[in-house]
Each structure stands twice: as structure tokens, then as C-alpha cells.
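> Each chain, letter by letter, is given below.
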Amino acid sequence: MSMSIYKRIDSLNITLPPLSAPVAAFVPYVRSGNLLYLSGHIAKTDGKPWVGKLGRELTTEQGKSAARAVAIDLLGTLHGALGDLEQVKRIVKLMVLVNSDPSFTEQHLVANGASEFLVEIFGHKGKHARAAFGVSQVPFGCCVEIDLVAEIQ
Amino acid sequence: MSMSIYKRIDSLNITLPPLSAPVAAFVPYVRSGNLLYLSGHIAKTDGKPWVGKLGRELTTEQGKSAARAVAIDLLGTLHGALGDLEQVKRIVKLMVLVNSDPSFTEQHLVANGASEFLVEIFGHKGKHARAAFGVSQVPFGCCVEIDLVAEIQ
Amino acid sequence: MSMSIYKRIDSLNITLPPLSAPVAAFVPYVRSGNLLYLSGHIAKTDGKPWVGKLGRELTTEQGKSAARAVAIDLLGTLHGALGDLEQVKRIVKLMVLVNSDPSFTEQHLVANGASEFLVEIFGHKGKHARAAFGVSQVPFGCCVEIDLVAEIQ
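Residue numbers (the working numbering), protein chains in the order written: chain U, 1 to 153; chain W, 1 to 153; chain E, 1 to 153.
Rather than coming from a laboratory, the hints here were simulated on the basis of the structure. Hints may be right or wrong, so weigh each one.
Identical chains blur together in the list; that is why a pair holds if it fits in one copy or across any two.
Pairs of lysine-lysine, DSS-like flavour, derived with a Cα cap of 27 Å [as the list claims (entries may be wrong)]:
| no. | residue 1 | residue 2 |
| --- | --- | --- |
| 1 | K48 | K89 |
| 2 | K125 | K89 |
| 3 | K127 | K89 |
| 4 | K7 | K127 |
| 5 | K48 | K125 |
| 6 | K44 | K7 |
| 7 | K125 | K7 |
| 8 | K127 | K44 |
Please work from the sequences and hints to get the whole structure.
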């Protein structure tokens, strides 16, 4: 089983990003007891902010791709924090923030890009509680931001 | 005491909804240790999305009613998850998202619809920490979305 | 070490506010196990709501000052809850809500006002996970709202 998560990642042609250096007075994750709290990760494409508002510059399908990209970065942070992704007992909670025009109402479909990816990687351990909603902006103008709580073995 | 929560629910003429089937890769709740994390629940009326923005289509009083309706659905999920609402040791935290016109500033009054209901049902165990704020949209255009963390016996 | 946190607070000419009385059916904090969940605290100046939207009435620098002011109030609540701030083992997580015009994209810089202050007070124990984003409104029209999770000794 220890191999399988990384094999699944490989089979999807995904390279996990390294742990990002904290850019300010906060850190990418904090562990408290058996819970690992990950900071909000913003959508990037080619290492740069993936900018735009859903319902204006970006389609739901593009937003879903961005949410998947954020989930890959969250996975990279989990790997960096734990050394071994098999240490993840459960993905507990996702908060999915979608940079939304006031008329855009498909935040749940955008969020599925992250949710479905986590289940693809972790199986039933990847099934999480979730809140997804539209926000008026995200740092750097990114289209999606996600934070995550995981339970550790 | 085990009777009293359900008696209180009955006395308010409330029928708890059944656990909703997960509509995507996420689930209505996840338990981790003694904490139960509930997914964001969106406001419904007659089983359909309760649509509208506060400060535009809906009044504060209507938003408060919607928040109470969401709290009833959260109660249904707690009951479905635990089998017995007496298992709730404490309602720990609510995040109340109010679909808000940029000029609407009474999110706290809307949120009271949920907060007051939980205290009505659980007494002092229902007193929770809370964050309430305005969002630019909610899935399906719903007026209110709430997620919840509860501590279990 | 027990002296040093309060000495640091004194040296910054900061007077901690008393615990605010709950204004509704919710409370300023809830403890569950080793975690302390603080309610969303809104920005105040001279005891009144610090009103305005970033990217419209307020500059990033003003928002950063407001975030620092909220962090001082959070510190007051931590002190009121624990009696002794040395009981704080770790600041685990901050959610920083910035009342934002849809064009404002510097929520991370605003949030640094709170993050940097907490590290100034708590040292490495103050380094936290964080999500910062723009919301369409905050209760009373305040410019910043922050909630916090802390781990206790």
C-alpha cells in the first residue's frame, strides 16, 4: 500500500512540488495532535498565479482544472510535511474558495476538481467534508484557494 | 436527558431530514477523534435551493429564517451521523456564509437564526464559537451556507 | 518565560482588552480537548467598528494596521480564556477575512499585520497556518475579521 499512492501519482504523470518556503510570518502547515492544518494554497500555472474570476474570465471547466492543480500542491505539502503520504489516515476537511463574479453559482463543480483528485489518490481515505463558496478576491488575483485538514496516523 | 433533545425538536414541529447522499467526491461529515466535521450545508426551502442575495432579493429577517433552516439540516446530519443527538458534547464552531450584496452588513443577525436555534435545542452545549461573513456567491445561488464542528462524547 | 510574553506586550505599549461579553447565542471561544477555537473578531478602532473596504476606502497599509488591531483583540480573548498566555503551546490556524473590493488582490499583505504581530509576541510558537482571502462584506461593515485556532498546553 505504501507504494500505491506514489505509483498512482506517477501513473497520472504528476510531479509533486517541493514544500514552498513560507513567504511571511506564517508556515505551510502546522501539526497539532493527530491533525495537520495546511495553509490556504492558491492556484498556480507554470509556477505563476493562475489569475481570473469564475463567471468572467474563466469557465467552470477551467476553474475545475485550477482546483485540481491546487490539490496537487496540497499533496506536495502533505508529502513534505510527513515524508510518506501513507501517514495520511484521512482527508478530513477542505475549504474551497472560488474567486467569483457575483453571478457565478457553480462553486461546487469547481471544487470537484480538487475533491475528485483526492479520492483518486487516497481512495476512501480521501473522502472529506467540504465547504465551497464564492469569494470576492484571492491573493494575487488567483482563481482558487484551498485549505485542508488531514488526520495523521 | 436523552428524550429531551428530541422532545424539544418535536415541540418545535421540526422533522429532521434524512442524511443527504453525497453528491460528489465529498461526504456530509467526517469524524476525527472526538470531533465531527460537517460539510457546508446550503439553505433550502421545500427541498430546493433557497436562492437570493441578502441586501438585494432577501431581507435580514428572511436570511435569519434561512440560517435556521440550515441549522435544522445540520441537526439532521448530526442525528444521522451519531444515531443519538445526546452524543453531542458541544457545538464547537460555526462558519456562517451569507450570500451578500457588497453593501449588506448584517451577517451577524442572519447568523443568529442558526445560533439561537442550536442553543434552543442543545442548551449551554449549543453555545459555540462562530465566524459570520459575506461571500460573493454560494453554490446554486443559495442565500446561506453553514459548516459546523461538534465535539462528541 | 512566563513573564516574557506580558513584558513583550507591555514593551509594545499594548493594553489587552477584556473578554467581550457574547452579544448573541455564540461565545468568544470554545475549548475542545487541547484546542481553543476563537470566534471571528472584527476590526475596531476606538472601540467602534473599523469600517471600509480594501481597494476602495482603505489602503493596504491601513488594512494591515486593522489586522494587527484584531490580533491584539484575539490576544485579549486568549488571555481571558486561559488566564496565562504561556498556556499557548502553538497558534495553529488563522482565517483572515478582508472586506475587499472585487479588484483588490493584496489580502496576504493585510493579513501579515496579524501574522507578524503573533510571531512578535509568541516567537516560533506564533507561527501558524493561514488562509487569507477577500469577502464581499463583514458584520457592521468592518474591514477585517479574523478567527483563530490555538493549541493549549
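> Now, for every hint given, state plainly whether the structure supports it.
Here's how the hints hold up against the structure:
no.	hint	verdict
1	K48 with K89	neither (31 Å within a copy, 35 Å between copies)
2	K125 with K89	both (6 Å within a copy, 26 Å between copies)
3	K127 with K89	both (11 Å within a copy, 25 Å between copies)
4	K7 with K127	within (19 Å within a copy, 34 Å between copies)
5	K48 with K125	neither (30 Å within a copy, 31 Å between copies)
6	K44 with K7	within (24 Å within a copy, 42 Å between copies)
7	K125 with K7	within (16 Å within a copy, 36 Å between copies)
8	K127 with K44	both (24 Å within a copy, 24 Å between copies)
Figure legend: structure checked against the earlier numbered hints; hints not met, in rising order: 1 and 5.
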